[in-house]
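Visitor: Single-letter residue listing:
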Amino acid sequence: MAAKARSLFDTAIMLPAVVDSFRKLNPFSMLKNPVMFVTEVGAGITTAVLFIRSGDEPVGFILQIALWLWFTVLFANFAEAMAEGRGKAQANELRKTRTKTLANRIHENGDIEQVPADQLRKNNMVIISAGEVIPADGEIIEGVATVDESAITGESAPVIREAGGDRSAVTGGTRVLSDRIKVVVTANPGESFLDRMINLVEGAKRQKTPNEIALTILLSALTIIFLVVIMSLKFFGLYSGMSFSITVLVALLVCLIPTTIGGLLSAIGIAGIDRLVQKNVLAMSGRAVEAAGDVDVLLLDKTGTITLGDRQATEFIPAEGVTMQELASAAQLASLADETPEGRSIVVLAKQHGLRGRPIAELPHAQFQPFTAQTRMSGVDIDGRKIRKGAASAVCDFIGKAFPLDVQGALNRISQSGGTPLVVVDGEKALGVIHLKDIVKGGLKDRFDRFRAMGIKTVMITGDNRLTAAAIAAEAGVDDFVAEAKPEDKLALIRREQAEGHLVAMTGDGTNDAPALAQSDVGVAMNTGTQAAKEAGNMVDLDSNPTKLLEIVEIGKQMLITRGALTTFSIANDVAKYFAIIPAMLIGVFPVIAPLNIMGLQSASSAVLSAVIFNALIIIALIPLALRGVQFRPVGAVVMLRRNLLIYGLGGLVVPFAGIKIIDILVNAFHFV
Amino acid sequence: MDMYGWIQLALFAGLLLALTKPLGVYLASVLDAGGKTFLDPVLQPCEKLLYRLFSIKSQDEQNWQQYAVSLSVFSLVSLLFSYAVLRLQHVLPLNPQGFGPVSPDLAFNTAVSFTTNTNWQSYGGESTLSYFSQMVGLTLHNFVSAAAGIAVATALVRGLSRHSARTIGCFWVDLVRINLYLLLPLSLILAVFLVSQGVVQNFKPYAAAKLLEPHTAVAPAITNIATQTIAQGPMASQVAIKMLGTNGGGFMNANAAHPYENPTPLANFLQMLAIFLIPSSLTYYLGRMVKNQRHGWAVWAAMLLLFLAGLTVCWQAESAGNPRMHALGVNPLGGNMEGKEVRFGIFNSALFATVTTDASCGAVNAMHDSFTPLGGLIPLLNIQLGEVVFGGVGAGLYGMLVFVVLTVFLAGLMVGRTPEYVGKKIEAYDVKMSALAILILILSILGFTAWAVVSNWGLAGLNNQGPHGLSEIIYAYSSATGNNGSAFAGLTTNTPWLNTTLAFAMLFGRFFMIVPILALAGNLAKKKLLPQSEGSFPVTGLTFVVLLVGTILIVGALTFVPVLSLGPVVEHFLMTKSAVVF
Amino acid sequence: MKDIIKELRTAGLATFFLAIILCCLYPLCVWGLGQLLYPHQADGSLLTEAGAVVGSSLIGQGFIGQEYFHPRPSAAGAGYDAAASGGSNLGPLSKKLLDMAAQRVAAYRHENGLARDALVPADAVTASGSGLDPHISLQNALLQAPRIAQARNISLESVRKKIQEHSEGRDLLVFGEPRVNVLMLNMSLNRTR
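Protein sequence lines, in the order shown, are assigned to chains A, B and C. Position one of the first sequence corresponds to residue 605 (this note's numbering), numbered consecutively onward. Position one of the second sequence corresponds to residue 484 (this note's numbering), numbered consecutively onward. Position one of the third sequence corresponds to residue 3 (this note's numbering), numbered consecutively onward.
By construction, these hints were calculated from the structure, which means they are not laboratory data. It is possible that some hints are incorrect.
[To be verified] Distance ranges between label pairs, derived from CB positions:
#1 A:Glu-1088 x B:Tyr-534: 39 to 47 Å
#2 B:Asp-485 x C:Ala-153: 33 to 41 Å
#3 B:Gln-799 x C:Ser-190: 33 to 41 Å
[Stated by the list, open to error] Below, simulated DSS-like cross-link-like pairs (lysine-lysine); rule was C-alpha separation at most 25 Å, straight line:
#4 B:Lys-1011 x A:Lys-812
#5 A:Lys-990 x A:Lys-955
#6 B:Lys-540 x C:Lys-98
#7 B:Lys-540 x C:Lys-4
#8 B:Lys-531 x C:Lys-8
#9 A:Lys-990 x A:Lys-1005
#10 B:Lys-1060 x C:Lys-98
#11 B:Lys-1009 x A:Lys-812
#12 A:Lys-1005 x A:Lys-1033
#13 B:Lys-1060 x C:Lys-97
[What the hints assert, rightly or not] From chain C, some residues computed to sit far from chain B (all C-beta separations above 10 Å):
#14 Lys-4
#15 Ala-151
#16 Ile-156
A virtual CB, placed ideally from N, CA and C, is assigned to each residue, including glycine.
All chains, please: the whole structure from these sequences, using the hints.
Guide: Spelled out as structure tokens, the structure:
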């Protein structure tokens, strides 16, 4: 999968981006970014001045200003093109997984014909057998199969997909390993999640997010304000007996309008989506990414999110007349070939009871019975013994009679405490019970604490009884929990939280999660989930890892912070630019204002030029920040604000003083003016 | 900058602080249509009678559009009323000096100026207006325009504090309650105190005094002076509300520099306090309504900080005085006394100038035109920042809240959330309205000034040339747009062109500000109140105060840096580093 | 349309009735209380001599004679015109202001017999904001004292005593500046003649 962070200045992306920055000069496409549009018009005007020059302004000066203004626009375009390029590169890697495959389409009359995958339409039926690649996103309507989804998720262990239930969705590009399934196609070519994600990063179809719109309005307002300032300045100059040249006025205008954030705004948004893709999450809209930053309630399913999806063996309870050693030994044998985490945990537990590990190779005559979806048991036939372990009901069917009372009692006790019992049998004899327990994932408590510091509430949802739920909730450190939850309770809870003004995020995979996913502000559907769940949510996690919700929230916040930080930086920059340009403009007529030139810039024209160059270069300098996002620390708003203000607010005030001064020294050293 | 100045400043800030909470609490009950006050037994019958006469019910609320229509219609009607009074003063009573009708453009300018709470004085009170014109035509607006300003601020605060609401209060109820319960009692107390200090309150003709030493004046013309005509009138009642309502329109031409309007330093001190009193309490009211009292105090602290910064610069500049004068042999220890009264001295003149322009009052006890360049820069900048430092009654708070909204939006993203202010999300529409409010102000100030400085009609009125002339014109349009009313009064503005353009600047500054504010209020009211948490944008504490001050200075001041550089800043350097005169 | 007419009607009524309360009842109330409690102040703090009004203790008056203390320069009308208050409104770099100040400094030094380079008090050569400032600074008064003593042929000491008698300190010990009321001082000088 494409989940590798690529180097920022990958030439494969940079070169096309350079070309794109010129293509984006088209004024009609610039119109959607008012700040850069004004800059482009300014660049155009100064270029025109070059040809219809009047007055005694040196050509070299006008030429350099014009060039740097064009660079300012190009740099901003380049930032956007880079972000788009990186997004597209991510998407293309995903796309590569879809080789041109042939699909076995079932006609309405039952005939099967081979068609190229891209001719499949929604609601077509296809048959896929072991070894074949699934041609399109779809839903299994018949059969069970193991599927290798490593192309999408990077996880090598095959997964089971079956008709009905919550694990019926298959993704195009993945490969069926066993069995044969009948799948109904759920997306037309170009409409799959992947395609939608690709559209999201491509300029033409990108919709601005609500925050981006609001910010654009503010930036436009600032631009208009500075236009008024500059136009009126011409008149004030006339009153004061000085005629400011168009070149200098345009230069001042471009320096004052927020070009830094204006130039990087769309890049930041695209990069946010891009960072999600790197985490193997597809967002259906930029709005969803933004909403992730705003979320303040996380609904977390217990299983898979808070606890390891698979339970772990914690205890052996032998039946009457069976020693602990016997039970442990049988349990170990039954689990040797069981590669599920549960099976492995049994082997580990057996080891704790003094049994040495027995490599399978040592048992050449043993016949292992792997776990299957149908039997729901695993075991081994060895030395005439038929050792099996599995869920009580399945094992009960296997031995064909009821368990002894003491075993039944142990089963009940474990179930009531929220655990899962497995029964171990040897032939018809029940040897005892294995207690499988939920294990809370490591590091969650810390993480939830940090979320709490950020003002985010975590709520655990579980079907368990109150007692069990409370115990796990306490262990995991969630703020609240809902026990014995029915699927509709989730929806009700989301509605209640939203009515109080909260924004809610959740993960889900089942069809019965769909209403809740649709209602939530950020609904992350598991890629393994049903089509209904995926349609209802606004993000899909390809890894189907519910804990990812936490990272999604962090990415959302990081994007918003980056936007805010660069806006603050951009506006704070204006102070230094004024100190560079205003004295330069006035010193000709009023030499007495020399003390205002606090940077000690060498001449009026070098001051103006240096400010313009700084203004252009700062965009390039900040591209990495815009693409990577500012550093995110999960701390409370007060601390975060103070920290970012110090860096980007104070930094924005100070940096340009130094930057303009250095550029001024260079400009003079090389006799550019 | 002597010790007595610091003591007076400490007393001023201390008293302001002490009065903020009690009056803020009282305001909260006044601004609640069903609120109870200790004045109910006296005023409630009157309030009920007025509602009956207007045929409105006190519990009827309006949405923002209805609120804006009521406010605008009322402003228009009362504007026409005052215009009529001024035009007809020669046939109306209480005109002992027999003044003729006010000219159409001056009457328009004056009526607009009082309706908009500007109180720009193109007229000279004692030489133009009858007692009736002052008492009825002008004082009415001193009350109702102040009340309207408070009403708009209240509507905005209601918008912030309500959860998914459609309405923001009823304009007529707010108008009546603010006038009856707040402005009237406070004015009455202050007016009587002012009379005790020497402010006149009578309806007698101007007094004729036989001079102790009849003499001949040589400048501006040779005149034999044997008597002194001393203007009189119902002044105390008007001066009290002109301060409390941050109107600032003087009864006399010289405004609060006139010994009758402002006879003693004590009266002066209380008048300054009266200017800040209601705006300061409104911050407490804000905190109370949004259930975050610390936020109210944070806004107050930001205001105090800006006030102290401005005052310090102005006071320092005026104390240092004019080096050109010192070169002539004038004692530098006296500071810059041109245009100042001896009883107030440098400190109280600088303080008054800062206070009157921090607020949108515009009364003056010294002539700003004669301030040193940096001393004069402060009042000008204060106005250009939008008079948000305590500010005009109501207008200061809603202007400040626009900056708060912008601050929250600019920096709010930096905490990783959609910007949110006291539980209200700040979205595109809110940003649009806030930006519009600021944009119009800037457009009006810079646009009109740019037009005037290259037009003959603009330059004709100048009393000073060079950078100071630019300052006079930019001050005029800043003051008009900001609804301040103070002036670099050397500019002769009583000409048809200036009267008219200034009147339009006042109208733009008032109503093109109020309408977006009410739209903002309506939109905020509609939103859900989000619960506050550790992740919410902090609107209290030092960080927020610094941030707010920074935003005001950067967004507000950056706009005016170029023109200020060409005016006061250049003038300062010319004064200290050259021998140029104009 | 109907709504607008209703609004207009309410606005008209509001203007009318509020005007009655705020512009008639309120000023009359203040007038009544003022006349009752502080009639002298309410009527202008007028000073009378032999039944005739000679001025107001709050309003400055012009004096040019050698035997009188001189007030500050005034920009009100032809000087101390109490029906046309106002300041000079000249900026710090105004040629007119600086020329006038130079003249005033020279005149002040000359009439008070000061050295050519003696520093002149700021208030003595600058116009006040109202043009009706009744006060001068103590320093200004003391510099004028020898001239008055000479012109009136009285001891400098007695003039200084007069100045002390008519100097006002800060209000409540802190507010404002110490000052001398010129009209009151000159009246008191006349009374002792």
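Visitor: Hint by hint, note whether the structure agrees.
Guide: Hint by hint, here is what the structure shows:
1. A:Glu-1088 x B:Tyr-534: 39 to 47 Å: Cβ of Glu-1088 (chain A) to Cβ of Tyr-534 (chain B): about 57 Å, so the range 39 to 47 Å is violated.
2. B:Asp-485 x C:Ala-153: 33 to 41 Å: holds, 34 Å
3. B:Gln-799 x C:Ser-190: 33 to 41 Å: With Cβ atoms ~38 Å apart, the hint holds.
4. B:Lys-1011 x A:Lys-812: Answer holds: Lys-1011 (chain B) to Lys-812 (chain A) is near 23 Å, not above 25 Å.
5. A:Lys-990 x A:Lys-955: Holds, because 22 Å separates the two Cα atoms, which is no more than 25 Å.
6. B:Lys-540 x C:Lys-98: Roughly 62 Å between the alpha carbons, so the hint for Lys-540 (chain B) and Lys-98 (chain C) is violated.
7. B:Lys-540 x C:Lys-4: OK: Lys-540 (chain B) and Lys-4 (chain C) at ~18 Å, within 25 Å.
8. B:Lys-531 x C:Lys-8: holds, 19 Å
9. A:Lys-990 x A:Lys-1005: It holds: about 16 Å lies between the C-alpha atoms, which stays within 25 Å.
10. B:Lys-1060 x C:Lys-98: holds, 20 Å
11. B:Lys-1009 x A:Lys-812: Since the Cα atoms of Lys-1009 (chain B) and Lys-812 (chain A) sit roughly 24 Å apart, the hinted pair holds (cutoff 25 Å).
12. A:Lys-1005 x A:Lys-1033: holds, 10 Å
13. B:Lys-1060 x C:Lys-97: holds, 16 Å
14. Lys-4: Consistent with the label, Lys-4 (chain C) stays out of reach of chain B, its closest Cβ about 13 Å off (over 10 Å).
15. Ala-151: holds, 18 Å
16. Ile-156: Given that every Cβ of chain B is farther than 10 Å from that of Ile-156 (chain C), nearest at about 17 Å, it holds.
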